[in-house]
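From first to last, the protein sequence lines are chains A and B.
Under full-length UniProt numbering, residues 1 to 925 are what the first sequence spells out, in order.
Under full-length UniProt numbering, residues 1 to 925 are what the second sequence spells out, in order.
No lab work stands behind these hints, which were simulated from the structure alone.
One should not assume that every hint holds.
Given that identical chains are not distinguished, each listed pair holds provided it fits within a single copy or across any two copies.
SDA-like cross-link-like pairs, simulated, lysine to any residue; straight-line CA separation at most 25 angstroms [what the hints assert, rightly or not]:
1) 282 to 78
2) 318 to 467
3) 282 to 769
4) 79 to 60
5) 181 to 712
6) 290 to 320
7) 833 to 451
8) 816 to 587
9) 367 to 196
10) 792 to 210
11) 674 to 306
12) 399 to 234
13) 367 to 252
14) 696 to 13
15) 696 to 761
16) 399 to 236
17) 696 to 508
18) 581 to 752
19) 282 to 85
20) 665 to 451
21) 833 to 96
22) 866 to 96
23) 367 to 534
24) 696 to 820
25) 674 to 756
A quick note: this is a predicted structure, and the numbers were derived from the prediction, not measured.
Number of protein chains: 2
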Amino acid sequence: PHNPDISTNTSMLNVHLVPHTHDDVGWLKTVDQYYYGDRNNIQHAGVQYILDSVIDQLQQDPARRFIYVETAFFYRWWKQQSQNTRRIVTQLVNEGRLEFINGGWCMSDEATTHYSAVIDQMTLGLQFLNETFGECGRPRVAWHIDPFGHAREHASIFAQMGYDGFFFGRLDYQDKARRMKTKEMEMLWRASESLTLPLADLFTGVLPNGYNPPEGFCWDQSCNDAPIRDDPDLEDYNVDEIVQRFLNAAFYKTNHIIMTMGSDFQYENANLWYKNMDKLIKYVNALQAKGSKVNVLYSTPSCYLQELNLANLTWPLKTDDFFPYADDAHDFWTGYFTSRPALKLYERLSNSRLQTCNQLEVLSGPKSTSGPFGEGDSDTMKRAMGVAQHHDAVSGTEKQHVAYDYARRLATGWAHCEVLVRNSLAVLSGSESPRVFCENLNISVCPLTESSQKFSMNVYNPLGRTVSWPVRLPVNGSLYSVTDTNGKAVNSQVVPLSKSTQQVRRNRGYAKGELVFQVEAPPLGYTTYIISILKDEPPASSPKPTATRSIQNKVHAAESRQPSGAYIFRPNSSDPFVINKTAEIQIVTVSSTVQEVTQWFSPWVSQVVRLYEGHSELELEWTVGPVPIADGLGKEVITRLDTDIESSDYFYTDSNGREVLERRKDYRPTWDLKQTEPIAGNYYPINSRAYIKDDKHQLTVVTDRSQGASSIYNGSLEIMLHRRLLYDDFRGVGEPLSEPGEFFDGLVARGRLLLTLTPPNMAADVHRPLAQGMVLQPLLSFQDGTPLANTKLEFTGLQDALPPAVHLLTLSQWDKDSVLIRLEHQYQAEESKTHSQPVTVNLQKLFSTLEVLGASEMSLGANQWKEDMNRLQWNTGTKASKPLLLSAKDPSPWEVTLNPMEIRTFLLQLACGFSWKRVRCRFRD
Amino acid sequence: PHNPDISTNTSMLNVHLVPHTHDDVGWLKTVDQYYYGDRNNIQHAGVQYILDSVIDQLQQDPARRFIYVETAFFYRWWKQQSQNTRRIVTQLVNEGRLEFINGGWCMSDEATTHYSAVIDQMTLGLQFLNETFGECGRPRVAWHIDPFGHAREHASIFAQMGYDGFFFGRLDYQDKARRMKTKEMEMLWRASESLTLPLADLFTGVLPNGYNPPEGFCWDQSCNDAPIRDDPDLEDYNVDEIVQRFLNAAFYKTNHIIMTMGSDFQYENANLWYKNMDKLIKYVNALQAKGSKVNVLYSTPSCYLQELNLANLTWPLKTDDFFPYADDAHDFWTGYFTSRPALKLYERLSNSRLQTCNQLEVLSGPKSTSGPFGEGDSDTMKRAMGVAQHHDAVSGTEKQHVAYDYARRLATGWAHCEVLVRNSLAVLSGSESPRVFCENLNISVCPLTESSQKFSMNVYNPLGRTVSWPVRLPVNGSLYSVTDTNGKAVNSQVVPLSKSTQQVRRNRGYAKGELVFQVEAPPLGYTTYIISILKDEPPASSPKPTATRSIQNKVHAAESRQPSGAYIFRPNSSDPFVINKTAEIQIVTVSSTVQEVTQWFSPWVSQVVRLYEGHSELELEWTVGPVPIADGLGKEVITRLDTDIESSDYFYTDSNGREVLERRKDYRPTWDLKQTEPIAGNYYPINSRAYIKDDKHQLTVVTDRSQGASSIYNGSLEIMLHRRLLYDDFRGVGEPLSEPGEFFDGLVARGRLLLTLTPPNMAADVHRPLAQGMVLQPLLSFQDGTPLANTKLEFTGLQDALPPAVHLLTLSQWDKDSVLIRLEHQYQAEESKTHSQPVTVNLQKLFSTLEVLGASEMSLGANQWKEDMNRLQWNTGTKASKPLLLSAKDPSPWEVTLNPMEIRTFLLQLACGFSWKRVRCRFRD
């Protein structure tokens, strides 16, 4: 192939053709089906062939470029390549012909992911690229071309990871129309109200055409656009027509324009694309000789970004986020905030388990992965969590069989971790007795506790400070003795098993009651409780229910021209249907340990209201399903909390579980909203909390998973819990969201909301630790009988509990001799009188059992030394609306100071071995 | 990629994987749309990419093989390749990694093509391959995997072209079942009853699976079969299952089996195929270490054929043909024998024009292609005829827009030839006066003859002897003088224009009558007639019609579960509907020149019966259409000739216009037929003739195009003339065969049948020359006024007329100094008392104006010296049923003897220039 000399030309309009493929890490097919090109009857897509083909085509002309995004796929492919192919690919990367963009394990969802898992999946991908290609493999640009709305916390994370810019494809159609008109498609996003400038500033560009090529220029095998027919001897010569059509493209702010030449799973036969783009470049640029001022070139997002930067313009500033996303007046993509609630919970729990697994791998050393219980690892779980963050995974927008595949991967990941955890606890405790994990405690099933007369329970605490959690164990006795490691009795009580739990567990367990008590475990460590039966008789059954008017659960019915589906929320009416104005109520128990009230709104909606000893929050355990559809109506079940709080139109939702954004009904901060959907258009994602407040009170709800929420009325806060729908919503998934349960009925979902009512200025002090305790659950494991004599019953990995403001976000083995640690200031600026202050931690004095020999600070993604980070600078032309925050400095090399919302990432050297050479070995002192 | 050492193993079952693509030279898309990959919404197919991809993949592993078949596509691709790519491809060809198979311009249809055009299109493709790649590019195997039934004449042609064997995919389902059972899928086809053994013997194999891969092993991008998933770390590892499934393949006669790994337009992304086949070979052959006796290898049909030959077995003998083709009990592919009758006629006329164009290029030298009328060429027409022979072209089984494209190509080809012919006639006649061709004489439209008072008509005769044809010129006078070159008056008559012609021509012409007279022109030459008007008054109109009972035209109505369509004939009932038992009759004229009777059976079916002065044959000119469909019934119009001949169940049809085969109702010579379609199952293709006979009489019908025909009753012969249908027949074309006419009604077709009634032993003497005169029509051109004084009014290219048995099949410029000539013995053995004898022609004394310096005999395809032909030998184990025919020898080097049905091909050197070196220059004396 012939290629002209391709480069930008400052005196012309430069059209950057960006050849790319968008490879969903699961959607209509599983990630492995996509990789292999299996089940092509569902969707033609085979990533192995895409990479084969692109590498082949790149070699045929040095002018050609390609970007690759999803490391989960690239990793699979790389594993199977010969040394020769690897050498070729490395050269292509070194020459910038193949460039990694984004580079996370997947392209994460932004509405339903937790920042902890997002940072992990990005790290997993970036680590692979760094280890495989070094600096030339480091992505410079974040690239979220498909996610359905964009979270500010994601932008903040990308900025802290060192990305120079961020491009995405989807934003509200009204917002896009305005930005096109005012040339504000490219901007600077200031993604944190707490972090020191410009730590969270991220140049952000909206792509002109989603992530697709301009109309008529799609030359993939999956497209039907006319190829360039340039043989004058054959019929239908069309070069002139194509060139003319191309020159009609719209203009942006600079004399550069980006064109995404690719789409979903394209480039499986890259020749089609490159052959026609070669011709396009040739014939369009040939017109320059006749005076044309258009210059077309192969490019990449980072090349394009660099040109924008060189243009030295001022850019508009953006400080809110891009939720909710609507692609038309009645098409708000706010349903997926709640879609597949069970998968959303399982993903969140899996994150907790992975953190525990990572920590124990570090704390107990090499025996954790190869010990008395066999070979275990954390990698399987890391990769499973990596794919689960994908924007068609935890989002709930995949096909049913793909949702099962994600869950199966998480289960397999945990199975590998279980071995690691068993080995690790054996090392730390000195006891190799068998250890049982109970997966189904949420439906009160645990064969050991149901049958054992005496057993011990190990409680591992993944948090950096002691936290108290209530536990509920299925039992068949009516009275138990619970003692801690000091032999001290712990208050406990057996409460009868609720009717809804009996319904849900079916015949998998036979417990008649739940033994309820509070547990505490030392920071980053475990303790042990000994439980023995005292009264081996069934617990008293619950008192008879009484009907009363009470808290209301509601349901949106969904049928209309644009139906609700996996993505879209489109209720029939602005007023939800009340499921039942009265609820049957059972006051289960009132004791010092726990007070419980069960409410039945219908045979398929119930709720337990609990107040635990020593806890100020109210727990609402909701059980919804199987959602009936015999009436021909899909249903979207919400719980609405109506209060006297004078919240007016305002409410607050978190972004990926971290910083909180103010929301206002029927309003967007950056454009004059024409509201077309009074309910769906006011829904926002919540990942761990939402609140409403007035001067005196703040009602905060902490959730156990991501959900959709809104405040439609003054003083009211509603959360969508579950959805079951009868129609596909025409966004590609091709299935109605109707999750099967067991026995062919619908899925039953259960979850918990924690409610706290505080003065507004005290709220963060309560909800921040409460949410961390919800995100990182204690890991319970059981051993039958009495622990052996020499068993170490208690352990802590820390010298001291971390300061209240500090959260141990990451503790993970990096390589043989080093570990990755992330410390996080978990308070926003100004949200807590006591905690929104800089706080200092001494890295050398952190751990009780690990000797830290050195520490090097890294970017948030751990693929660059912090001191090497050198991001592009952008000018907004406006002063910061708030005074520039000055970050507190570190007092000494070992003492690191965290400012509000800051996350700092370190590689700690635990022993000085040769494997440290992976990156330059720089000791802090 | 890794590939084991791949070769056959005599102690194992060798599975020959034959990677191939089947690229229709037009079908659902035009040939150029297929080449470019345009209109992929109709069908995903882009041949340019197939060749790109295959060449790329072949380079990646020397074990990989590919065959390519259709030279029309390869030629397009080759033209656009760089020198470097051409060098690589040449090396792949030289190493046998890319092998050309079949190699004609297209894969011709076998039922509706004429041998003259088939030989031409094969020659065109083979010539390109020979010039481009030399001996290594010579195809050894004929490969007709898709045509819908197989003609014996095709097999004979392939044998004479030097092919070692022939493979095809489709045969009658009953035949296939029997052959599978008896292991007779491979055989020796003795394809001529006249030619000396083994001239027309062709080893023939039926492919086990059509031309598709075994079920479950289709790895093209267009297939959905599971890829081989061999990464044990990923989900759904399936190597063991795939290998096991592969080993269950059926066996053939030898320990070799061929598997066609490809299908329609496959290998656009060849990586998918090769990557998975690499794995298949690797994992299946790996089992040999565990005792498996299966050996898989990349192969080609010629490699496979060679192994069969080495097996040294005896093979069953086949002497009839493979018509008709049925793929199920009610699915006889006998409709396409007649589909698109107008295209079929236009293709046949175009052959005649091309031969004329070729001849004149030779006879008048270089000025023919660059002369007073501009640049002309015969290549465009050759290529247009080349694609028109495709099995979805002249067959009538393409989509409507593709049929238009074929016709347009022929028209463009003729436009190029017209310039050549104008130049040529200017050279030969010495007159550069403008010359007009009248394309629409069949509907009596010719502006010059309609208006001119005096004009001359040049009649070019492409045959090797003088033949007399009737001509009919549209005129407006009632009396004309017609004189020949000697000034001698020629009998002529003006007959009134028939009503049906008036209907059909609509407002394109305004002639009121047709001037009818007989013309004769010298062999391979022209003469000139001068026509002047004598009475400038309108011809008398026809007498009033009278009703009478007469010859019946009939129609089959077509509606049923398997409907009739472009391919399939499935009448509603065994009895056709009689269109009208009485016909309106007009006795137009009874004179010495012509006697005409017009019959009207309905407003859309009429027929003119003519008997010309000096001709013994009866001409039936039929006009059918627009076929009405308002009654919701598709219709297939037949004409049935009922006679007293005691033909019993027997009738006779030609094969591609040459040898005649005996047919018998409800009977197949090679298996015990279970007849399931009493009409459609007895239809056979006729290309130029059909007959019935008894001891005394033979009724022979000579046709102007290919049609379907049968004899359902004793003494009856029926021919299908036209078809218009309402449904698609589910064989892929996706359109009902309902050809539009003008003004949104259906197409009107018109044609001629020539009937002769003779004693059987005299019949060939009549129908052979009659058919040649029908195939090679005189070319008429007109000049207004009186010819200029020095105009040479008559010319012959031959020294003498050829002997009656000899037909000049080909006379075509080959390169600057040489011409290709084919002489054909046009009688079968024993069919003519006088002509079925060897006949000798002196090559040096053939031409009147060309000096022949040398002659080298070649294979029929002209891509090999005759003396180098060395075909594989095959043993049938049976004696020939007829005594072995001994061919007469040539008396001297210049004198060549033709035996019955023999075609001999020579390259004649006309001047000894350097271009002769193309092939070795071997003079005969």
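Hints, verified against the model:
no.	hint	result
1	282 to 78	between (33 angstroms within a copy, 20 angstroms between copies)
2	318 to 467	neither (38 angstroms within a copy, 90 angstroms between copies)
3	282 to 769	neither (61 angstroms within a copy, 58 angstroms between copies)
4	79 to 60	both (24 angstroms within a copy, 19 angstroms between copies)
5	181 to 712	neither (31 angstroms within a copy, 77 angstroms between copies)
6	290 to 320	neither (47 angstroms within a copy, 66 angstroms between copies)
7	833 to 451	neither (49 angstroms within a copy, 108 angstroms between copies)
8	816 to 587	neither (55 angstroms within a copy, 108 angstroms between copies)
9	367 to 196	neither (42 angstroms within a copy, 86 angstroms between copies)
10	792 to 210	neither (58 angstroms within a copy, 73 angstroms between copies)
11	674 to 306	neither (36 angstroms within a copy, 77 angstroms between copies)
12	399 to 234	between (45 angstroms within a copy, 20 angstroms between copies)
13	367 to 252	neither (58 angstroms within a copy, 59 angstroms between copies)
14	696 to 13	neither (57 angstroms within a copy, 87 angstroms between copies)
15	696 to 761	within (9 angstroms within a copy, 120 angstroms between copies)
16	399 to 236	between (42 angstroms within a copy, 18 angstroms between copies)
17	696 to 508	neither (47 angstroms within a copy, 94 angstroms between copies)
18	581 to 752	within (22 angstroms within a copy, 89 angstroms between copies)
19	282 to 85	between (30 angstroms within a copy, 20 angstroms between copies)
20	665 to 451	neither (53 angstroms within a copy, 85 angstroms between copies)
21	833 to 96	neither (50 angstroms within a copy, 82 angstroms between copies)
22	866 to 96	within (23 angstroms within a copy, 58 angstroms between copies)
23	367 to 534	neither (38 angstroms within a copy, 118 angstroms between copies)
24	696 to 820	neither (42 angstroms within a copy, 105 angstroms between copies)
25	674 to 756	neither (34 angstroms within a copy, 86 angstroms between copies)
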